[in-house]
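> Listed below, chain by chain, are the residues.
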Amino acid sequence: MDFLGEGLHRALQLISSVDPEVYGIALLTVKVAVVATLIACALGMPLGFVLASRRFWGRRAALTVVNTALAFPTVVVGLLLYGLLSRRGPLGGLGWLYSWQAIVIGDVILAFPIAAALSAAAVQGVDPRIRRTAETLGAGTWRTAWTVAREARFALAAVITAAFGQVVAEVGAAMIVGGNIRGSTRTLTTAVALYTAQGDFGLALALGIILLVMALVVNVALQLLQGRGSA
Amino acid sequence: MLELAGVRHAYEGRVVLDLERFTVAPGALIAIVGHNGSGKSTLLRLLALVERPTAGEVRWDGAVVSSPRLRPRAPARRRITLVEQRPMLFRGTVRENLAFGLVARGRRGAEAQNTIERVADRLGVTSLLARQRHELSDGEVQRVAVARALAVAPDVLLLDEPVSSADRAAAQALYAALAEERRARGLAICLASHQLEDAYRWADDIRALAEGRLSPVTPENLFRVELPAGAETKHVRVGPIGIAVTTAREGPAILAVPPTDIFVSTAPIVSSARNVFSGQVTRLGRPRPGVVHVTADVGIELIAVITEEAARDLGLAPGSPVTFAFKASAVRVF
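Line by line, the protein sequences give chains A and B.
The first sequence begins at 666 in the working numbering and counts up one residue at a time.
The second sequence begins at 353 in the working numbering and counts up one residue at a time.
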């Protein structure tokens, strides 16, 4: 118990003293998480929409692939991405290995199926009369999609939260393709893993608390937005 | 002209609609009648271009606008508007709902607001304009949905059981508003109803649907009843009157009084017919030359089919006193 108490005490000290290294890691984590969540949702949500609202050949297979990808192990994603981005890999020319961009790509690959599968489920949950009514009143494809999205706004907000949660908590791929380089690609999760291994439990716990606070802030912000739009 | 040609529609392999041809001419007032599950709603969804047929085509003025391979485009859909049986309003106020179709057509500002005020007034929903959807009753939702459909001034208005949540007075008001709108700009209306009185009261053209097919027999004078046990000739209560029927059956049944088996008279009848009812003519319809449909309120609404010559000889007109008579053995039991 002392061990935990001491760790918590050190964590609070680090946070209150505005430790530049801790805040640098936190800021990078926020940057990576926001960019990766935006890209994953921008790509995944339209796909989810199409999978839920259009009938086409191969739709069931596509849904199965997306649902299976939900269980993609993060280290495997990291490994494959490492192969692609390493100097001898097909994308080696980009020079992105051990960069924050590489972490973003890994996170997008992991969050994309979440965005697609959950938004498909969200759209499927909307009463089909909403789509039909929008169409019969003359709405085109985009206006109809927007109308359906407005009805599914709570479920779609949950999709964004889930994608952000996946991205912000991801460690395997970030470690492999980011390299956990101090001051460059060290995120909260990779730092927690490192400092725990080094026995610096207080620092690891401080970073863990910041991670939880970030998740809390994002959830509260989304809930506030939902509250404003609940009329 | 809106037309279904060779349409067959199936859900998970089960054919629910099979129509060689179904047309909605400009300005037509059609009622599709049939029991629940007869395919009325499916037919309206195909006509509204919000669902594609499994086989066959939907055409507008001869051009194919929907088929298994052709997804209907918004410009074609904008000429036809459907109000579903249990319509849904979008999130937002009633005013925003009425504006939806106008905004989709790029119409905003004062002109759009005038249109909204006009249709709201016509359907009696002006006082509801600022309300949210969850603040409305089912009947109000139905009226708002009809107003929302009329706001976009469609060429064809499709209504699925438009008065299912309305009381009698509200239903009359809704039909009167539709008739007024039709007079003003000649739109075609196609309504599905299982209430035959409504169909006969408001439509020029009645089409019966049974098991997904157009039925050659129009199911006039149909009544759902509970047949008592006992005697061969039974007196069954239908609304305020009792109909004598010869049948050995008992329990729930549907009675059909064939309109051609009803004798029409303007004087009291003394005859062997067990069913003699007096009332007033409410409507005279002429579905084809030489044939007159006499609708009378004899406590319930009954329809008799007579010749043009007989109608002339009897001097029938809406409001005339009339007596209907038919034999107990003429009543069919299903």
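Don't read these hints as lab results, they were simulated from the structure.
Check before you lean on any hint, since a few could be wrong.
Anything over 12 Å on all C-beta distances counts as not near chain B; from chain A, calculated [what the hints assert, rightly or not]: (1) Pro-711; (2) Val-740; (3) Arg-753; (4) Gly-803; (5) Gly-848.
Some chain A residues near chain B, calculated using beta-carbon distances under 10 Å [said to hold, decoys possible]: (6) Arg-720; (7) Arg-724; (8) Thr-798; (9) Thr-801; (10) Leu-802; (11) Arg-808; (12) Gln-863.
Just so we're clear, the structure is a prediction, and the values are computed from it rather than from any experiment.
Ideal Cβ placement from N, Cα and C applies to all residues, glycine included.
> Would you mind marking each hint as holding or not holding in the structure?
Against the structure, the hints:
no. : hint    : in the structure
1   : Pro-711 : holds (18 Å)
2   : Val-740 : holds (42 Å)
3   : Arg-753 : holds (46 Å)
4   : Gly-803 : violated (4 Å)
5   : Gly-848 : holds (47 Å)
6   : Arg-720 : holds (9 Å)
7   : Arg-724 : violated (15 Å)
8   : Thr-798 : holds (6 Å)
9   : Thr-801 : holds (4 Å)
10  : Leu-802 : holds (4 Å)
11  : Arg-808 : holds (6 Å)
12  : Gln-863 : violated (52 Å)
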